[in-house]
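> For reference, the chains in residue letters:
Number of protein chains: 2
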Amino acid sequence: MTSICIDAMGGDFGPKPIIEGVVEALETVKFSAVLAGKEEVLKPLVPSHLQKYISYIEATETISMSDGATNALKKKDSTIYKAIELLKNKEVKAVVSAGHSGATMSLATLRVGRIQNVLRPAIATLMPNVLGKKTLVMDVGANVDCKAEHLFQFAIMGEAYVKEILKIKNPKIGLLSNGEEESKGNEVTKEAFSLMSKLDCFVGNVEGNQIFDGSVDVVICDGFVGNILLKTSEGVADAITKIIKKHVKKSPIAIAGSLLMKKVFKTLKQQVDYDEYGGAPLLGVDGCVIISHGKSNAKAIKNAIFQALNFADSDINKVIKDELLSFAR
Amino acid sequence: MTSICIDAMGGDFGPKPIIEGVVEALETVKFSAVLAGKEEVLKPLVPSHLQKYISYIEATETISMSDGATNALKKKDSTIYKAIELLKNKEVKAVVSAGHSGATMSLATLRVGRIQNVLRPAIATLMPNVLGKKTLVMDVGANVDCKAEHLFQFAIMGEAYVKEILKIKNPKIGLLSNGEEESKGNEVTKEAFSLMSKLDCFVGNVEGNQIFDGSVDVVICDGFVGNILLKTSEGVADAITKIIKKHVKKSPIAIAGSLLMKKVFKTLKQQVDYDEYGGAPLLGVDGCVIISHGKSNAKAIKNAIFQALNFADSDINKVIKDELLSFAR
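So the protein lines, in turn, are chains A and B. Per this note's numbering: the first sequence = residues 1 to 329. Per this note's numbering: the second sequence = residues 330 to 658.
One chain only, chain A, in its complex shape:
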């Protein structure tokens, strides 16, 4: 049975939604769950028929949002630290954490280490597109100032992910820019463009809207732009919802209409819902780490665990290593 360590106390809402997510995952597929946290708090939350799949790794601290990522190395009794140590010692095959993402990244990079030749691990996230599929966007927060070489490596890691995990045979990879033409871009992306041209799956520059139109499978950007585009997307979707709700409220006819459209809105919500993906893989680390949103609910944690299981059972890290080696020669 694949063994996964779950940071059971790192999320914004404490252990409850995390344990619920673990339970929901265990109801679907059997795996060995190691919960990092206080056993006395966690154990009562697990139904007795599932206890046999669960073990505990005692960790009394959590890393809060006000902690710097660099403090993470010092807090050796934190849930994230303990979880990452298990991964480092190969006692588990994957870690899922909804805790401090910067700390998780630092610890994973420093304690577990990078895949050979990887300059910088990066966070990849899946965004919904109009085809009802997903577009992988990376980096979305880990690396704020990137060099062209970093973006090139992100492309290799993104390609491996969509091939190995999403089973897309011939993925299309685009470089996010301010226009499709080769001449477009800033200094770094122009240099990255020429590096990426070595990759068969590289289709050139893409614009922001192409994240959602299904024209490419992977979109590459630095973590600064990645974070901004994630937040911008959330902002637009949120604004549209609020404007619709505000105007519906003003008219009984529109209220009736919105009731008849309830199913459509529900489908839309499902299609764009973060909870459906549950977590963002940290790529480039020599192990499997899934970073979930601090506000994850049970469903998000369940899906993050499914992601971790897929990742842990795949060859993705070997593929990344081999691919980078082939370019290092």
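Since the hints were made in silico from the structure, they are not lab data. Take these hints with a grain of salt, some might be off.
To be verified - Simulated coverage check for chain A against chain B, where a stretch passes if three residues somewhere in it have a Cβ under 8 Å from a Cβ of chain B:
id: 1; region: 122-131
id: 2; region: 137-148
id: 3; region: 185-193
id: 4; region: 210-224
id: 5; region: 233-241
id: 6; region: 247-261
id: 7; region: 267-281
Unchecked claim - One side only, chain B facing chain A, incomplete, derived with CB under 10 Å:
id: 8; residue: L415
id: 9; residue: N418
id: 10; residue: A566
Where is the CB? At the ideal position from N, CA and C, for every residue including glycine.
Chain A is fixed; fit chain B onto it per the hints.
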């Protein structure tokens, strides 16, 4: 009467929507419209009762999207070149163009010149927010690689615009970053943060979603990020519309619902519609230049003209000049 030159042939759809926009504007407010283009083509499109407000400046060429912005200086018989020359010679107070935006920017900067101390002119655009108001975002395309000093100047120009044109007395200005904390940002934005701290109206870093929640009046970023966030926003709105339409089609109940909600969707469309703003002011040039989308319809051109009239009758360029001088001392 304020005199405005309109590039009558630069848009993607030829002169028809442009002239319709001019006509619609003239039906609302009287101004002197100088149309740059071929008089023999344009004149028949103008109703006879409005001819007295119209004059023509003969220009036989247009700059196409495949032309580089640098070619613009050579094409001296282009509509944009002729329009900008009129502005340079103070024969008109403003230029509106839906043509090649890079060419318009280059020509305006090189021929009309920059306001004293302005390092780089920038394109500002208005984005709708949930309060039913607008957030000014700049730069959105003119300057791909920016230094901190450029972003600082964009903040000064953006402040002047919302104060003078949108009549917001105490605007809030945010610096777009990958987190609200002062510690967040890339190398350039961190340096810009400290420069902007000199400005009373600077509220610190803002995230992508804050463009739409009404928490600030102006959002500052470089043109690379600005272009990506514009396209990303369009992409999200477009994807949501497409997903809703697709699912509505599948169910007669939902179709009925969408009919009852028709007015709400129309209001939403109006609220987020580009045509409502019509154009993006080019700030920092010693004159008034409004850049419209190549795909502008008549309504967008009409609103761009209204923007140009407001701008031309304001003190904004003097305010920018004085403010920059106060920091140059």
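> For the region 267-281 of chain A, do at least 3 residues have a Cβ located nearer than 8 Å to some Cβ of chain B?
holds (count 4)
> Is the listed coverage of the region 185-193 of chain A by chain B valid when you require three or more residues with a beta carbon under 8 Å from a beta carbon of that chain?
holds (count 4)
> Residue count check for the region 122-131 of chain A against chain B: does it reach three with CB-CB under 8 Å?
With 3 residues closer than 8 Å to chain B, the region 122-131 of chain A meets the three-residue bar; holds.
> At a threshold of 10 Å, is the proposed contact between L415(B) and chain A supported by beta-carbon distances?
29 Å, violated
> Restraint: N418(B) near chain A, CB-CB cut 10 Å. Satisfied or not?
Because about 32 Å separates N418(B) from the closest Cβ in chain A, which is outside the 10 Å limit, the hint is violated.
> Cut-off 8 Å, C-beta pairs, minimum 3 residues; does the coverage of the region 247-261 of chain A by chain B stand?
Our answer is that it holds, as 11 residues pass the Cβ test (under 8 Å) against chain B, meeting three.
> Closer than 8 Å, Cβ to Cβ, for at least three residues: run that test on the region 210-224 of chain A against chain B and report holds or violated.
holds (count 8)
> Taking 8 Å as the C-beta cutoff, is the stated coverage of the region 233-241 of chain A by chain B satisfied by three or more residues?
Result for this restraint: holds, n = 8.
> Three residues or more, CB to CB closer than 8 Å: is that satisfied between the region 137-148 of chain A and chain B?
Contact hint for the region 137-148 of chain A vs chain B: holds, 3 residues under 8 Å.
> Would you check whether A566(B) satisfies its interface hint, that is, whether its CB is within less than 10 Å of any CB in chain A?
6 Å, holds
Hint compliance for this structure: hints 8, 9 are not met, and every other hint is.
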